[in-house]
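Required output: the full structure, derived from the provided sequences and hints.
If you want the building blocks of each chain, they are given just below.
Number of protein chains: 4
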Amino acid sequence: MNQAFIYDRTIHFRDTDAAGVVYFANGLSICHESYEASLAASGIELQSFFRGGAIAVPITHASIDFFKPMFCGDRIVVSLIKTLLSPESFQIEYQLFIEGVEKNAIAKALTKHVCIDSITRKRCNLSQELIKWIEFTQ
Amino acid sequence: MNQAFIYDRTIHFRDTDAAGVVYFANGLSICHESYEASLAASGIELQSFFRGGAIAVPITHASIDFFKPMFCGDRIVVSLIKTLLSPESFQIEYQLFIEGVEKNAIAKALTKHVCIDSITRKRCNLSQELIKWIEFTQ
Amino acid sequence: MNQAFIYDRTIHFRDTDAAGVVYFANGLSICHESYEASLAASGIELQSFFRGGAIAVPITHASIDFFKPMFCGDRIVVSLIKTLLSPESFQIEYQLFIEGVEKNAIAKALTKHVCIDSITRKRCNLSQELIKWIEFTQ
Amino acid sequence: MNQAFIYDRTIHFRDTDAAGVVYFANGLSICHESYEASLAASGIELQSFFRGGAIAVPITHASIDFFKPMFCGDRIVVSLIKTLLSPESFQIEYQLFIEGVEKNAIAKALTKHVCIDSITRKRCNLSQELIKWIEFTQ
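Chains as they are written, first to last, in this note's numbering: chain A, 4 to 141; chain B, 4 to 141; chain C, 4 to 141; chain D, 4 to 141.
No wet-lab data here; the hints were simulated from the structure. Check each hint, because a few of them may be wrong.
A pair holds if it fits inside one copy or across any two, identical chains being indistinguishable in the list.
No farther apart than 25 Å at their CA atoms in a straight line, the calculated lysine to aspartate or glutamate pairs in the DMTMM-like style are these [what the hints assert, rightly or not]:
hint: 1; residue 1: K111; residue 2: D68
hint: 2; residue 1: K135; residue 2: E105
hint: 3; residue 1: K125; residue 2: D11
hint: 4; residue 1: K115; residue 2: E48
hint: 5; residue 1: K125; residue 2: E105
hint: 6; residue 1: K106; residue 2: E91
hint: 7; residue 1: K71; residue 2: E138
hint: 8; residue 1: K71; residue 2: D120
hint: 9; residue 1: K125; residue 2: D68
hint: 10; residue 1: K106; residue 2: E132
hint: 11; residue 1: K71; residue 2: E96
hint: 12; residue 1: K125; residue 2: D77
hint: 13; residue 1: K135; residue 2: E102
hint: 14; residue 1: K71; residue 2: E48
hint: 15; residue 1: K115; residue 2: D68
hint: 16; residue 1: K115; residue 2: E91
hint: 17; residue 1: K111; residue 2: E36
hint: 18; residue 1: K71; residue 2: E91
hint: 19; residue 1: K135; residue 2: D77
Just so you know, these numbers come straight off a predicted model, no measurement behind them.
As structure tokens, then:
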């Protein structure tokens with residue numbers, strides 16, 4: 004059973020736009036930060052993982068739904084659940100909450116990731132460390 | 004019949020990440036730029052539109068699919084089609100192409116927007132200028 | 004005697020660019036995050052502070068020097084010292100270190116901030132909460 | 004005599020923050036865009052230049068002064084002057100204007116760049132294409 008990974012985040016001024024709330028695309032950036040924290044918690048070395056050596060893991064799909072706005076200084080909690088989709092791909096589902104109000108999500112997001120050979124850009128199997136990460140529960 | 008609005012864009016260094024390609028969430032930021040250009044072409048004053056007076060038009064949903072990576076310096080073309088969904092909401096579909104290769108999209112995206120009263124945050128009808136923009140063809 | 008405020012930060016993928024290191028302007032964004040954390044630690048409510056009511060506190064000058072590159076996943080420490088420059092302005096000096104290697108800064112930065120009346124945009128005196136923050140030591 | 008390179012730019016929603024104006028660090032990102040446009044105009048291929056092969060050209064210093072705020076939708080003009088500092092380094096001075104009001108700069112910025120060997124990270128001489136670019140006038 005795959006338990007959620009939890010990531011705490013304060014909304015920064017840089018995340019906001021002139022409408023006074025988090026700029027929509029930054030909602031996905033915050034989700035990606037939680038993915039990075041989850042990888043690091045599993046022991047994956049982020050610099051080489053994201054720089055892309057022989058294998059790269061690009062995002063092929065991302066979506067996000069907003070139910071409430073987020074403001075500078077808000078303390079939020081991101082809850083992340085990862086699922087293997089195929090030997091070559093996985094997805095992550097994110098729920099965002101205001102800290103202390105974990106009943107109603109303020110946003111939900113999804114990203115899909117595919118393992119590819121960096122040279123040929125053809126799909127390949129997930130590395131052992133990624134499979135370990137998907138099975139890893141913190 | 005709603006024709007596409009066309010927006011030309013060069014990929015900037017700021018758009019990229021350590022994997023050497025456009026950071027996924029910036030793909031949506033580039034789409035939003037084309038939305039802004041489309042509003043401006045219709046005569047809408049961007050500063051007051053996005054600062055939010057009595058009415059605000061937040062994004063409630065965004066999604067993007069990537070078929071090919073984008074690199075710093077790439078010249079891309081964003082094609083944008085807008086559709087009224089209800090008296091209070093509309094959506095925009097985006098297709099991204101490498102300039103001169105307009106047969107195969109390198110990414111497709113979608114955003115949904117809802118008109119709300121800035122104070123009550125309740126849904127309200129689109130303004131006349133937004134209806135004019137949706138019907139506007141350039 | 005004004006002691007430094009300390010802010011811990013992990014370098015995110017979003018902070019990097021195609022050269023594989025932190026995009027230069029994001030070095031200043033990270034410094035600004037430490038300023039926000041310092042304001043919050045002093046009890047200032049960030050949403051209203053940065054949204055700008057009667058008084059706004061824009062940055063009039065920013066500079067940064069880089070001595071070493073920062074990579075995705077790096078754990079860094081920002082040390083921040085604030086100084087009153089006049090009744091209407093203050094500056095913040097930042098030093099960035101790799102966590103555990105606090106002898107040699109990897110970057111140094113400076114921002115200058117001026118208090119203005121939001122309507123007239125004329126300079127005005129710092130608010131009591133800002134003066135308290137400048138004198139505040141954590 | 005080194006003439007200025009001119010870059011036209013519209014302020015995007017993404018550039019702004021909750022105070023309703025351009026986020027300070029994005030002022031430098033806009034300057035960097037003008038540097039990229041200037042390199043491209045001189046015939047330099049941006050993807051390989053910024054990805055960093057044998058030689059990299061990191062920014063060692065950046066500074067910016069703001070005289071007036073910039074708002075979403077503003078049409079601005081960046082004027083850029085480049086100067087060789089040593090066989091291994093150069094600087095760029097930027098002036099930002101509101102389009103049509105080129106008498107008073109709304110911001111001024113400066114970046115310093117050093118050529119290094121990507122492996123040893125030791126300074127090395129500027130490439131021929133960079134020297135040509137510095138001497139290049141458009």
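Do the hints match the structure? See the list:
Within a single copy, K111 and D68 get their C-alpha atoms as close as 5 Å, and across copies as close as 17 Å, so both meet the 25 Å cut-off. Taking the shortest Cα distances, K135 and E105 never come within 25 Å of each other, neither inside one copy (28 Å) nor across copies (34 Å). In this assembly of identical chains, K125 and D11 lie within 25 Å of each other by CA distance neither inside one copy nor across copies; the values are 35 Å within and 29 Å between. Taking the shortest alpha-carbon separations for K115 and E48, only the intra-copy value of 21 Å comes in at or below 25 Å, while the best inter-copy value is 31 Å.
Only between protomers do K125 and E105 lie at most 25 Å apart by alpha-carbon distance; the minimum there is 23 Å, versus 40 Å within a single protomer. In this assembly of identical chains, K106 and E91 lie within 25 Å of each other by CA distance neither inside one copy nor across copies; the values are 34 Å within and 28 Å between. Taking CA atoms no more than 25 Å apart as the test, K71 paired with E138 passes in neither setting, with 32 Å inside one copy and 29 Å between copies. For the identical chains of this complex, K71 and D120 are inter-copy neighbours only, at 14 Å across copies versus 39 Å inside a copy, given an alpha-carbon limit of 25 Å.
Taking the shortest Cα distances, K125 and D68 sit within 25 Å of each other only across copies (17 Å), while inside one copy they are farther apart (31 Å). For the homomeric pair K106 and E132, neither the shortest alpha-carbon distance inside one copy (33 Å) nor that between copies (34 Å) is at most 25 Å. Taking identical chains as interchangeable, the C-alpha atoms of K71 and E96 lie at most 25 Å apart whether they share a chain (18 Å) or sit on different chains (23 Å). Taking the closest pair of Cα atoms, K125 and D77 come within 25 Å of each other only across two copies (22 Å); inside a single copy the shortest separation is 41 Å, beyond that limit.
In the homo-oligomer, the alpha carbons of K135 and E102 never lie at most 25 Å apart, since the shortest distance is 29 Å inside one protomer and 27 Å across protomers. Proximity of K71 and E48 under a CA criterion of 25 Å is satisfied inter-copy only: 20 Å between copies versus 34 Å inside one chain copy. In the homo-oligomer, the alpha carbons of K115 and D68 lie at most 25 Å apart both inside one protomer (16 Å) and across protomers (9 Å), since each shortest distance falls under that limit. Within a single copy, K115 and E91 get their C-alpha atoms as close as 11 Å, which meets the 25 Å cut-off; across copies the closest is 31 Å, which misses it.
With identical chains, the CA atoms of K111 and E36 are at most 25 Å apart both within one copy (15 Å) and between copies (23 Å). Taking CA atoms no more than 25 Å apart as the test, K71 paired with E91 passes between copies only; the shortest distance there is 17 Å, against 34 Å inside one copy. With identical chains, the CA atoms of K135 and D77 are at most 25 Å apart between copies only, with a shortest distance of 22 Å across copies and 33 Å within one.
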